[in-house]
Amino acid sequence: MQSQFPKLSLVFDQLSDRLQATLSDVRSRGKLSESDVDAAMREIRLALLEADVNFKVVKSFTATLKERCLGADVLGSLDPGQQVIKIVNEELTGLMGGTGSELAFASSGPTVILMAGLQGSGKTTACAKLARFLREAGRKDVALAACDVYRPAAVEQLVTVGGRVGAHVYEQGTEADPVEIAAWALERAKEERRDVLIVDTAGRLHVDRELMDELARIRKRIKPHDVLLVVDAMTGQDAVGVAESFAEAAEFDGVVMSKLDGDARGGAALSVKAVTGKPILFASTGEKLEAFDRFHPDRMASRILGMGDMLSLIEKAEQQIDEKQALDLEQKLKKNQFTLEDMLQQMRQVRKMGPISGILGMLPGMGAMKQLKNADVDEGQLDRVEAIILSMTPEERANPALIKGSRRKRIANGSGTKVQHVNQLVKQFDQMRKMMRHVASGKMPDPQQLAQMGQPRPRRVRR
Amino acid sequence: MQARLIEILAEVAATARTPIDLSGEPAVLLMVGVNGTGKTTTIGKIAWHLSKEFGLSVVLAAGDTYRAAAAEQLAEWAHRAGAELVRSEEGADPGAVAYDAVEAARARDADVVIVDTAGRLHTQSNLMDELAKVRRVIAKQLPGAPHETLLSIDATTGQNGLRQAKVFAEAAEVDGVVLTKLDGTAKGGIVLAIADDLGIPVKLIGTGETLEDLRPFDPTDFANALLSEG
Numbered sequence: 001m002q003s004q005f006p007k008l009s010l011v012f013d014q015l016s017d018r019l020q021a022t023l024s025d026v027r028s029r030g031k032l033s034e035s036d037v038d039a040a041m042r043e044i045r046l047a048l049l050e051a052d053v054n055f056k057v058v059k060s061f062t063a064t065l066k067e068r069c070l071g072a073d074v075l076g077s078l079d080p081g082q083q084v085i086k087i088v089n090e091e092l093t094g095l096m097g098g099t100g101s102e103l104a105f106a107s108s109g110p111t112v113i114l115m116a117g118l119q120g121s122g123k124t125t126a127c128a129k130l131a132r133f134l135r136e137a138g139r140k141d142v143a144l145a146a147c148d149v150y151r152p153a154a155v156e157q158l159v160t161v162g163g164r165v166g167a168h169v170y171e172q173g174t175e176a177d178p179v180e181i182a183a184w185a186l187e188r189a190k191e192e193r194r195d196v197l198i199v200d201t202a203g204r205l206h207v208d209r210e211l212m213d214e215l216a217r218i219r220k221r222i223k224p225h226d227v228l229l230v231v232d233a234m235t236g237q238d239a240v241g242v243a244e245s246f247a248e249a250a251e252f253d254g255v256v257m258s259k260l261d262g263d264a265r266g267g268a269a270l271s272v273k274a275v276t277g278k279p280i281l282f283a284s285t286g287e288k289l290e291a292f293d294r295f296h297p298d299r300m301a302s303r304i305l306g307m308g309d310m311l312s313l314i315e316k317a318e319q320q321i322d323e324k325q326a327l328d329l330e331q332k333l334k335k336n337q338f339t340l341e342d343m344l345q346q347m348r349q350v351r352k353m354g355p356i357s358g359i360l361g362m363l364p365g366m367g368a369m370k371q372l373k374n375a376d377v378d379e380g381q382l383d384r385v386e387a388i389i390l391s392m393t394p395e396e397r398a399n400p401a402l403i404k405g406s407r408r409k410r411i412a413n414g415s416g417t418k419v420q421h422v423n424q425l426v427k428q429f430d431q432m433r434k435m436m437r438h439v440a441s442g443k444m445p446d447p448q449q450l451a452q453m454g455q456p457r458p459r460r461v462r463r
Numbered sequence: 001m002q003a004r005l006i007e008i009l010a011e012v013a014a015t016a017r018t019p020i021d022l023s024g025e026p027a028v029l030l031m032v033g034v035n036g037t038g039k040t041t042t043i044g045k046i047a048w049h050l051s052k053e054f055g056l057s058v059v060l061a062a063g064d065t066y067r068a069a070a071a072e073q074l075a076e077w078a079h080r081a082g083a084e085l086v087r088s089e090e091g092a093d094p095g096a097v098a099y100d101a102v103e104a105a106r107a108r109d110a111d112v113v114i115v116d117t118a119g120r121l122h123t124q125s126n127l128m129d130e131l132a133k134v135r136r137v138i139a140k141q142l143p144g145a146p147h148e149t150l151l152s153i154d155a156t157t158g159q160n161g162l163r164q165a166k167v168f169a170e171a172a173e174v175d176g177v178v179l180t181k182l183d184g185t186a187k188g189g190i191v192l193a194i195a196d197d198l199g200i201p202v203k204l205i206g207t208g209e210t211l212e213d214l215r216p217f218d219p220t221d222f223a224n225a226l227l228s229e230g
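Order-wise, the sequence lines are chains A and B. For the first sequence, position 36 matches number 36 in the working numbering, and the numbering has no gaps at all. For the second sequence, position 12 matches number 12 in the working numbering, and the numbering has no gaps at all.
If you're looking for bench data, these hints aren't it; they were derived computationally from the structure. Glycine included, each C-beta is placed from N, C-alpha and C at the ideal position. Possibly wrong hints are sitting among the right ones.
Computed cross-link-like contacts, BS3-like style, restricted to lysine-lysine with a CA-CA straight-line distance of at most 30 Å [unchecked claim]:
#: 1; chain 1: B; residue 1: Lys187; chain 2: A; residue 2: Lys56
#: 2; chain 1: B; residue 1: Lys140; chain 2: B; residue 2: Lys166
#: 3; chain 1: B; residue 1: Lys166; chain 2: A; residue 2: Lys288
#: 4; chain 1: B; residue 1: Lys133; chain 2: A; residue 2: Lys288
#: 5; chain 1: A; residue 1: Lys418; chain 2: B; residue 2: Lys133
#: 6; chain 1: A; residue 1: Lys427; chain 2: A; residue 2: Lys404
Quick list of simulated restraints, FRET-style, between CB atoms [claimed, not checked]:
#: 7; chain 1: A; residue 1: Lys404; chain 2: B; residue 2: Gln141; range: 47 to 53 Å
#: 8; chain 1: A; residue 1: Gly173; chain 2: B; residue 2: Ile8; range: 48 to 54 Å
#: 9; chain 1: A; residue 1: Arg42; chain 2: B; residue 2: Glu170; range: 29 to 35 Å
#: 10; chain 1: A; residue 1: Leu46; chain 2: B; residue 2: Gly199; range: 26 to 32 Å
Facing chain B, from chain A, some residues (calculated, C-beta under 8 Å) [to be verified]:
#: 11; residue: Ser107
#: 12; residue: Ala153
#: 13; residue: Glu244
#: 14; residue: Lys259
Take these sequences, add in the hints, and give me the full structure.
Structure (structure tokens):
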């Protein structure tokens, strides 16, 4: 499963950078004066405004923040900087929706989820991604209803992506009335005992009264358990107006934030909850149908402040890593019997957790390491390493020292690479083994050394 | 005061204004932009105007080979506009589709080719490279083409619009912006920054979902709307 976090870092990076710069200044002082707090608040206000956060939201947010920071328990404490960071963290979490909210599920019969949003916000894709997500989470039989009869080929699109995630799609073409299609699909879903019915609707402008009215009628007719508003993360100040109009017509319960893999600063994400009181439930973060996950405001706030997201990382690792294998590996490391074969297995496991750049982003302190932040980890290079190892015989994988002249050539030919690539891999593997000996013997490796190891080698992003 | 402000804003918005270049034989238009900004719909509208109002023969190239049913969507617009469609199967090389479309247009002596592309976030460098490649394929086949590369920007987009324009301009040499979805409450103020910082003018605006809802950009109207209440 791909997490929301790999690329989310991009969205919030600039905001995060500014907050961290401001707070590290506060952190370095033992004592905090009122003017220190004022200066920090000014920075935070600017950072949020630059991030497209609604100006009213910014105003009330910094007011609350300041009040708390000037409280006696902060100014009087031994480490006021830490206290400020803690408060900013809590308030940011609150601003984005507090601890994770949940979808409401039906106690009996299908759970009905209605999706709404502006044109191009990503509803149809989000429908399929949500269906996939719910199926992975154990709701086996998820169906979709195609109620976008306006956009050309919207029905075909839903049928195709629905098919890809193994969801049944109820559709009646484009001649029928969307309200009737929704009602008919619900009847069918009940008869066919589906667990979940997700209703896709046409994109509509919040000022289009006729279509907003249609949405309200769909809602009344099928009585959904959840109404989700899909919001494009790149939306500017207009997001708030949109959310308010949809709140009125569709009474939505939560938000799906789409296109969070871009570099928009996420102001919409920060404002919608504050204005409508509705939490962001899901984040959609990529082209692939797996790129969809729960949105965790608390974890996101930690990330913004550069505290890392160990919780998500641990969860991912638990999903992917087999405990027995992990124990085996530990034994091997202790006895220094780690082979290229093991490395291949490890690499595959780690890659199952999603893109490497995302995993790095979750580590505490990594956000601050500039060279890693700007590294565009080349997944293709990892493919090459896999190919090279796969072209080795079992003996060679166990004992890379065997790899000399003609073997090198054979491996390079077999993997479609060059001899120097093979050399490079063997050399890097050697370094890695040396370092593991250190780790196994209880010494922590020097992070500088880790960064230089270059496996995979960070590549500067072309800009 | 207000009038002067409108004048100034209109001046910024009018940066480097030139009409859409249709001098090529055939004239090749390339449409690029982030997901969901309205590329395919805009192409449908442009094709309709060119074909119904100017009597030009138009070929559409279904270069979005990634999103499910994107080609079907464009086919419907081609049908409405009376344009011809060149398409391939899903997952095909968009450069090849563009190539075939230009080839077909030359063989049939068509006036205009409009190439659709898959929506892509400007942060995905591999997809931006792909866009540059589509451009190269077209240029190689027909020197001077694409004659016009249009970037669609959603009017609701915030500060990020400037980044989008910058990166797309680097990858695909954008000639103009199509500002879409102006029929909502969003005013698309970000195009001022795009015109001012990057010198890329807005050429067309999209104001609705029917074929007629496409207009040339008028800087004064735009500046007026920007400063109006509500």
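So, going through the hints one by one against the coordinates:
no.: 1; hint: Lys187/B to Lys56/A; verdict: 19 Å, holds
no.: 2; hint: Lys140/B to Lys166/B; verdict: 24 Å, holds
no.: 3; hint: Lys166/B to Lys288/A; verdict: 25 Å, holds
no.: 4; hint: Lys133/B to Lys288/A; verdict: 22 Å, holds
no.: 5; hint: Lys418/A to Lys133/B; verdict: 26 Å, holds
no.: 6; hint: Lys427/A to Lys404/A; verdict: 12 Å, holds
no.: 7; hint: Lys404/A to Gln141/B: 47 to 53 Å; verdict: 49 Å, holds
no.: 8; hint: Gly173/A to Ile8/B: 48 to 54 Å; verdict: 51 Å, holds
no.: 9; hint: Arg42/A to Glu170/B: 29 to 35 Å; verdict: 34 Å, holds
no.: 10; hint: Leu46/A to Gly199/B: 26 to 32 Å; verdict: 27 Å, holds
no.: 11; hint: Ser107; verdict: 34 Å, violated
no.: 12; hint: Ala153; verdict: 4 Å, holds
no.: 13; hint: Glu244; verdict: 10 Å, violated
no.: 14; hint: Lys259; verdict: 6 Å, holds
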